[in-house]
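Student: Residue strings, one per chain:
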Amino acid sequence: MKHRLLKILACPIDKHHPLELKEFETDKEEILSGLLLCSECGRFYPIMEGIPSMLPDDLRTEKRELEFLKVWRDKLPPEVVDDGRPFKLKSSE
Amino acid sequence: MHSNGGLKDEWERILGVLSQIADVYDKVNRVISLWQDTAYRQLGIRNGISNGNIILDAGCGPGVMSELVLSRFPENSIVLFDPIMIMLRAAKIRVSKNSAFVSGIFEKLPFSDNSFDAVMCGYSIRDARDLDVALKEIRRVLKNEGGRLVIVELGKPDNSLLRRGVESYWRFAVPLLAIIRVGKRGILFSALYRTYLRHPTNATFRSMLQSLFPLVDFQTRTLGASVIAVAHK
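Respectively, the protein sequence lines represent chains A and B. Just so we're aligned, residue 1 is where the first sequence starts under my numbering, counting upward by one. Just so we're aligned, residue 1001 is where the second sequence starts under my numbering, counting upward by one.
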């Protein structure tokens, strides 16, 4: 995704806008891996293969997302590690 | 079965099937629509999309609708949106310029109010979990000034005889045509009969749209088996 998508992206659950962006891996203007954070409800949404995944909790795959978080462990904000929603990396380690 | 639409409890199963047929979906859709799908998509685009629009392609699948829009209006920006990652990957290969890709569902759109000039749903809205909630979410993200919802979809005739005819086509002919076109996996297309059964009749669908949008242009084709609608916010 590109930065300008942030202008319209909102949390699918509470519609909070703007979302906070954490970039892990970029290629020129394109963000390939990263996280979008909702400061309202505390949910994170992964950006994988350049595509933000913004599904509701019941359609998210815990195993896949925790694996993604583990790959970027060093770049995660502490609140996602300790208290991430819907999945906590800390309790899975 | 008459309903107000949406796949409800069958949604996850149907989406699982769609993931398995993602790579051939487009090919088969062409055959089962009797080669009319592109013409109907073009009609929807002509009726509801303008130059310079910011568009949400909701339920983009492999990106067929967006590709048609960008070939007509290369300056438009499109967000291609689908719950299925395999579909988005396929769409990303098909459409590259002026496009962004987001994964999510109709009923929980991850966009701010008042964001898009047009939302288009090409053969996708019947796969919503809850049609009424989906339409309300679409209305929310459309711009207050001139926002339009463009729907190209299978239709369910109001006349019971025609309806039975179209239902039989979906039940018996579609899986057969799919098997002829793509082989053994074609049998999975029989799941699409369920999505058709769950879909509301044309009259019900039209009144659902009219209850949410002040101006609705609702056209049917092929004896009511196809719908091309533009709803203005």
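Read the hints as simulated data drawn from the structure, not as lab findings. Idealized CB from N, CA, C, for every residue including glycine. Hints should not be assumed to be uniformly reliable.
A short, non-exhaustive set of chain A residues, derived as facing chain B with CB atoms under 10 angstroms [to be verified]: (1) 12; (2) 15; (3) 45; (4) 48; (5) 56.
Student: Take the hints in turn and mark each one as holding or not.
Tutor: Hint check:
no., hint, in the structure
1, 12, "holds (4 angstroms)"
2, 15, "holds (7 angstroms)"
3, 45, "holds (8 angstroms)"
4, 48, "holds (8 angstroms)"
5, 56, "holds (5 angstroms)"
The structure fails none of the hints (numbered hints given earlier).
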